[in-house]
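K.L.:
Given these sequences and hints, build the entire structure.
There are 4 protein chains.
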Amino acid sequence: MDFQMSPKGQDFLKRVKAFMKEEVYPIEEAYYRELHSLDNRWVVLPIIRELKQKAKAQGLWNMFLPEEEHGGAGLSNADYAVIAEETGRVFFAPELFNCNAPDTGNMEVLVKYGSEEQKKQWLEPLLAGEIRSAFCMTEPDVASSDATNMKATATIEGDEVVLNGRKWWSTGIGHPDCKVLIFMGLTNPEAHRHQQHSMVLVPKDTPGVKVERMLRVFGDYDEPAGHGEVSFTNVRLPKSAIIKGPGKGFEIAQGRLGPGRVHHCMRAIGAAERVLEQLIQRALSREAFGRPLAKLGGNPDIIANARMSIEQARLLTLKTAWLLDTKGILGALSEVSQIKAVVPSMLCTIVDQAIQIHGGGGVSDDFPLASAYGYARSLRLADGPDEVHRALVAKLELNKHRKR
Amino acid sequence: MDFQMSPKGQDFLKRVKAFMKEEVYPIEEAYYRELHSLDNRWVVLPIIRELKQKAKAQGLWNMFLPEEEHGGAGLSNADYAVIAEETGRVFFAPELFNCNAPDTGNMEVLVKYGSEEQKKQWLEPLLAGEIRSAFCMTEPDVASSDATNMKATATIEGDEVVLNGRKWWSTGIGHPDCKVLIFMGLTNPEAHRHQQHSMVLVPKDTPGVKVERMLRVFGDYDEPAGHGEVSFTNVRLPKSAIIKGPGKGFEIAQGRLGPGRVHHCMRAIGAAERVLEQLIQRALSREAFGRPLAKLGGNPDIIANARMSIEQARLLTLKTAWLLDTKGILGALSEVSQIKAVVPSMLCTIVDQAIQIHGGGGVSDDFPLASAYGYARSLRLADGPDEVHRALVAKLELNKHRKR
Amino acid sequence: MDFQMSPKGQDFLKRVKAFMKEEVYPIEEAYYRELHSLDNRWVVLPIIRELKQKAKAQGLWNMFLPEEEHGGAGLSNADYAVIAEETGRVFFAPELFNCNAPDTGNMEVLVKYGSEEQKKQWLEPLLAGEIRSAFCMTEPDVASSDATNMKATATIEGDEVVLNGRKWWSTGIGHPDCKVLIFMGLTNPEAHRHQQHSMVLVPKDTPGVKVERMLRVFGDYDEPAGHGEVSFTNVRLPKSAIIKGPGKGFEIAQGRLGPGRVHHCMRAIGAAERVLEQLIQRALSREAFGRPLAKLGGNPDIIANARMSIEQARLLTLKTAWLLDTKGILGALSEVSQIKAVVPSMLCTIVDQAIQIHGGGGVSDDFPLASAYGYARSLRLADGPDEVHRALVAKLELNKHRKR
Amino acid sequence: MDFQMSPKGQDFLKRVKAFMKEEVYPIEEAYYRELHSLDNRWVVLPIIRELKQKAKAQGLWNMFLPEEEHGGAGLSNADYAVIAEETGRVFFAPELFNCNAPDTGNMEVLVKYGSEEQKKQWLEPLLAGEIRSAFCMTEPDVASSDATNMKATATIEGDEVVLNGRKWWSTGIGHPDCKVLIFMGLTNPEAHRHQQHSMVLVPKDTPGVKVERMLRVFGDYDEPAGHGEVSFTNVRLPKSAIIKGPGKGFEIAQGRLGPGRVHHCMRAIGAAERVLEQLIQRALSREAFGRPLAKLGGNPDIIANARMSIEQARLLTLKTAWLLDTKGILGALSEVSQIKAVVPSMLCTIVDQAIQIHGGGGVSDDFPLASAYGYARSLRLADGPDEVHRALVAKLELNKHRKR
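Chains as they are written, first to last, in our numbering: chain A, 7 to 410; chain B, 7 to 410; chain C, 7 to 410; chain D, 7 to 410.
Derived from the structure by calculation, the hints contain no laboratory data. Worth double-checking, as some hints may not be accurate.
[To be verified] If the Cβ cut is set under 8 Å, some of the chain D residues that face chain C in the computed set are:
#	residue
1	N46
2	G225
3	F295
4	E393
Yeah, the Cβ is synthetic: ideal placement off N, Cα and C, and Gly gets one too.
P.N.:
Here it is, written out as structure tokens:
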């Protein structure tokens with residue numbers, strides 16, 4: 007057993023930490039102050055473009071992508087996971103390294119399943135960080151926790167595929183650089199239930215694509231990326247826009263989700279560590295009844311429980327990454343769902359306790375906690391609600407016993 | 007034992023319910039739509055003034071106030087509690103009946119402790135619903151959970167009292183009708199620790215009073231009442247502005263808080279019932295995996311637990327109100343803290359579960375849940391955080407055994 | 007609203023408290039010491055018979071029974087509930103007042119549904135405290151949480167009813183005075199699902215009745231009453247042994263369970279109060295790290311939470327009793343299940359925390375906590391597991407919305 | 007990163023699993039039946055001695071001990087941890103491999119700190135499995151969670167050390183082969199607080215040593231090892247009986263506890279896996295309301311949560327073992343306390359849920375669950391209660407921030 011990163015991973019981690027320390031933390035507060043002072047926040051501030059160039063120049067770029075031949079860093083999932091945690095400590099940091107959702111997942115899809123033409127057109131500028139993308143799957147009118155509820159259609163008509171339907175929670179669609187969407191829709195309702203859907207690459211400016219509105223999460227638009235509701239009305243594209251061919255949507259979704267969930271969870275763990283630091287610093291710096299809050303009543307237990315739940319969640323996520331590395335997605339099905347059920351909920355709890363320790367300040371904008379709560383809370387729903395993941399874990403558990 | 011309201015209380019409840027059904031629910035959605043469409047939301051929409059007139063005309067006015075000689079409805083705390091629950095189902099409803107915080111608490115203070123002059127100047131227009139008020143106690147720079155940390159001063163200089171300091175979470179201070187603040191500050195640091203502070207009536211336009219900014223709660227300003235941060239710089243007032251005289255601040259605060267906490271808690275229980283209705287309606291109307299969410303997995307348990315925790319919290323709050331009626335605040339010290347620790351936390355849990363059942367919609371603005379969460383979450387801090395109330399309950403419990 | 011007992015109830019309570027103080031607490035420890043010193047603990051110690059006589063002489067007898075014409079005390083369910091709490095503070099106390107399960111439920115069944123002959127033969131000696139009884143419903147071979155799983159049969163053959171099957175958790179069957187069992191079995195599988203079963207009065211010495219073994223609960227036999235597994239093999243009785251006639255089993259069970267569950271819950275609340283006293287006394291008397299345990303870390307929160315959960319559970323149970331008094335069982339269906347889901351679980355939590363505060367002593371026989379835990383834990387299963395009660399509460403909640 | 011055991015560890019694990027499958031599970035039920043049929047259960051059944059010989063012959067012996075020169079297996083803590091989990095699946099299995107507490111900890115102490123003479127006299131027969139030992143630290147009269155409360159004395163008088171005091175929870179002292187105790191007592195109250203105590207090797211038959219009684223845990227004596235209360239009255243031994251010299255007690259305790267806690271926790275994880283299997287098998291085999299319990303209501307969530315909490319607890323414990331291997335006890339202080347706070351509590355929860363799914367059977371002796379609960383519950387107190395471990399974790403966490 008060895009709980010350390012590889013030497014290569016350690017080297018990357020060291021450099022990412024240095025970058026965070028020298029370039030990111032020092033500008034964090036100013037970044038938000040400037041962004042929030044704007045009437046239109048759907049913009050990329052110059053500092054972001056500048057830091058992206060710096061990170062790229064240092065080779066801290068596309069670290070999420072194992073494949074070196076595509077410009078990836080050649081890191082294992084397990085090694086990258088630790089780096090993802092580090093970048094998760096600042097909400098806007100992953101983008102600086104071209105490692106932010108949903109672009110990472112979309113790039114992976116193109117690497118694995120894209121045609122040469124699709125790669126040339128979309129993967130290259132995405133890998134270069136020149137454009138951004140969105141993923142359009144969840145629908146407002148049905149319980150999307152059950153993917154078979156999906157109503158949007160991707161109908162084949164001759165040489166074309168025609169998209170209709172309404173999607174929401176398309177994260178990143180508000181970004182000024184967002185140029186392409188991956189749309190998932192029903193192509194053949196007669197086929198086997200996992201072969202009915204297709205994924206289609208849709209240039210954002212295609213006629214019939216309309217961003218109806220941007221959605222707030224607990225009061226935040228999360229500009230400049232944001233989350234949109236998008237309507238698709240007779241959107242016509244050549245069949246070559248379909249990824250891997252009609253009916254392959256579920257197969258691709260499956261492959262996309264393993265590493266993506268590890269990344270989400272590790273970033274959430276980074277956020278949890280950051281929030282725990284804030285909790286402790288506040289608890290050490292405020293006094294009531296003659297003692298620092300950190301020593302008062304149940305507060306030490308809160309701190310200890312936070313430490314213990316972060317440690318456990320991290321180890322489970324690292325092991326899941328290692329399973330993806332060594333056994334592939336089919337060897338990590340239960341674990342991928344386990345971390346998705348465990349980590350966001352753990353983060354919610356810790357943010358909530360940090361809010362409580364901050365008193366009234368905790369629910370205000372004076373601290374990043376209320377907005378961290380919005381992020382944490384929505385993670386319990388994004389990519390499948392906790393309930394769906396627990397149900398899968400239970401099912402796989404029962405299967406072990408049925409086989410016997 | 008009798009768990010029913012008095013006939014008089016039942017009559018009021020019946021009429022309040024009718025008012026809610028006929029006047030309030032039907033305009034709720036339109037009210038928010040209109041308010042949210044405004045650039046400046048710090049206004050009272052005409053429908054609010056109209057409904058206030060209607061409620062007043064029907065005698066559904068100042069029901070929180072037991073004293074009929076002051077225009078109160080002559081209801082016991084226990085009877086009014088049930089009515090407060092009803093008004094708590096819509097966030098802006100309490101104001102329609104002139105029964106909203108912090109005006110209710112401020113009016114009580116004036117009824118009990120105000121001079122004739124103070125009553126004439128401030129109590130009468132408050133009772134008439136012509137002006138609004140705020141309460142300035144919590145401070146940004148100290149852990150206000152320990153009231154003895156308070157730093158703001160109310161210094162006696164000759165015939166004047168001079169106020170200095172900074173307060174925040176002054177709810178209602180953004181309201182266009184807000185004309186008067188009750189300020190609590192340190193007058194005599196040498197006195198017994200419960201006789202050091204004074205409460206002072208401060209016209210909002212007094213020189214030296216400055217609303218520095220309005221605070222957001224989980225992204226909401228809660229316009230038009232809002233929560234402000236207010237600085238007091240050499241604010242000079244005649245000594246007659248002090249309520250009941252110098253050093254009486256804690257005595258007044260004590261008397262103010264009993265009924266106020268019952269009101270807060272009963273409104274929160276009304277909110278919890280409303281949210282549970284929304285949870286159930288969503289759970290009945292959405293399907294996944296072939297069944298309505300209401301029947302899926304642990305959801306029935308969530309519904310049952312919500313019902314059981316609401317019922318229990320309500321009974322505890324009603325009993326507390328009854329103790330205030332029959333034994334006064336000193337006979338209900340533990341219970342007043344018990345409900346403050348139990349009810350907001352219960353509401354948080356139910357809102358959170360309603361969010362989960364609403365999926366992505368739950369964290370957005372499409373449902374009133376994210377904003378209900380902000381309200382619920384801040385109630386766990388307002389008027390003393392949970393921790394302080396639990397500590398008091400524990401202390402009183404230990405005292406029982408020490409006496410033996 | 008009035009949270010006080012009636013004057014009559016108060017008088018009874020005062021006298022029961024005095025009896026507990028003067029007669030019961032002083033002999034509690036010696037009682038157990040003597041009982042545990044015996045090789046055969048399935049005996050009634052003389053002190054018990056003596057105290058029963060004293061209680062009876064003072065009119066503190068059959069207080070659970072509202073009907074005065076049958077020797078009941080004429081107390082409402084709500085009044086008796088408070089008395090049941092008092093008796094629940096000592097495990098063997100209810101029997102002293104002839105108010106112990108399952109005899110109370112069995113007496114109620116006979117009062118409401120028994121023939122004159124059945125009353126004469128069994129009700130009279132039970133009311134006199136001369137004999138004891140058991141109730142045989144749960145079966146070892148099926149999930150008895152679903153009553154329709156029941157396999158035991160009560161077949162009508164001519165003028166006789168013939169019983170076959172196996173029951174367990176027949177509480178009280180080990181008592182030397184136990185003379186009669188109420189057996190529930192399937193009579194007519196063709197009938198409507200709530201008219202298939204019959205309840206039959208079975209003298210314990212009827213041929214074919216065999217107590218196969220006594221069951222331990224977390225290591226305790228709960229002598230001398232105990233819990234038995236009983237086989238019924240071609241047990242033949244005249245049809246007149248059937249209560250209210252064939253097929254009435256469910257109807258009777260329904261009527262039996264309302265007050266019975268209130269009694270169980272109130273006794274459990276009495277036990278919770280007692281355990282909380284023990285917790286606090288230990289926490290005040292032991293020191294670690296220079297402070298009494300009562301002041302250390304999260305312990306004050308534990309004490310406060312215990313107080314708050316007991317108060318809430320008690321109020322819910324009292325309201326349920328009041329609903330039974332004023333609206334009958336059909337007006338209290340949800341509440342009866344609510345208390346059954348809430349109270350035993352609350353007691354488990356408090357006992358568990360008392361164990362923790364007692365350290366190693368808590369799990370040993372030196373304190374009554376491990377055995378209280380066994381009692382509390384089994385209450386979460388007896389009379390329907392928590393899950394079944396929550397499911398009913400949820401179902402009734404959903405029904406409210408479907409009707410609209 | 008690598009989550010696999012070393013090849014050597016894998017080989018041992020494979021062989022231990024085979025031994026468990028072929029030799030242990032098949033006799034488990036019969037072993038308990040036979041033991042429980044005895045009047046005197048304080049005996050070693052022949053099957054145990056036989057299996058010990060078999061295990062020893064296969065080299066599955068003293069695997070807990072890294073040092074090969076002392077007859078250990080040369081396994082790292084991390085490798086042995088996985089094996090300890092396996093042996094934890096059957097309560098009496100660890101002894102078969104000479105890997106049971108408290109002998110393992112006592113042997114480690116002797117390996118690390120014992121004199122040659124002490125090793126010859128006690129370590130050799132312990133390593134050979136010929137004798138058993140006990141550890142006497144906790145005291146009945148003080149809160150032993152604070153070790154400085156300890157009252158027992160080990161006074162130096164000339165060439166002798168004289169022991170006085172009373173200890174309890176001396177596990178293993180009832181075993182017929184128990185020949186030696188390690189006693190910890192106060193030697194020099196004037197010294198630095200961590201240099202006041204000594205550990206002394208006490209032959210069980212030394213005059214003045216008296217096993218006052220054996221203690222039950224939730225009704226079980228855990229024969230034949232058991233837990234005793236022991237008085238020491240002027241027990242005189244030569245100074246050479248002191249381990250490492252006077253005042254070294256805390257230093258030794260510190261070194262003893264790291265691996266010991268890993269072993270405890272891994273065995274508890276093995277128990278949790280076993281109980282989860284029993285839970286699932288019952289849940290699949292019983293039906294209610296037309297479905298197996300495994301699919302009903304919140305039961306799948308219970309199964310998923312159990313899986314997720316076991317996985318996380320295991321990884322944390324393995325990482326702790328790896329830290330002990332790579333950084334020593336001082337590099338794992340927080341983690342050792344973390345696992346001690348996390349694992350027993352996790353086991354309690356899973357056993358409790360298994361009990362609930364087993365219905366009435368769960369609290370009886372028909373399943374090993376009530377007794378597993380007693381074991382799990384007492385682990386939350388043994389070797390420091392949860393509270394003490396959480397307090398240490400919190401303290402170390404706060405220290406990180408103070409240093410900055």
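K.L.:
Each hint needs a verdict: does it hold in this structure or not?
P.N.:
Outcome of the hint check:
1. N46: violated, 16 Å
2. G225: At 2 Å from the nearest chain C Cβ, D:G225 passes the 8 Å test, so the hint holds.
3. F295: Holds: closest Cβ of chain C sits about 5 Å from D:F295, inside 8 Å.
4. E393: holds, 6 Å
Violated hint: 1 only; the structure is consistent with all others.
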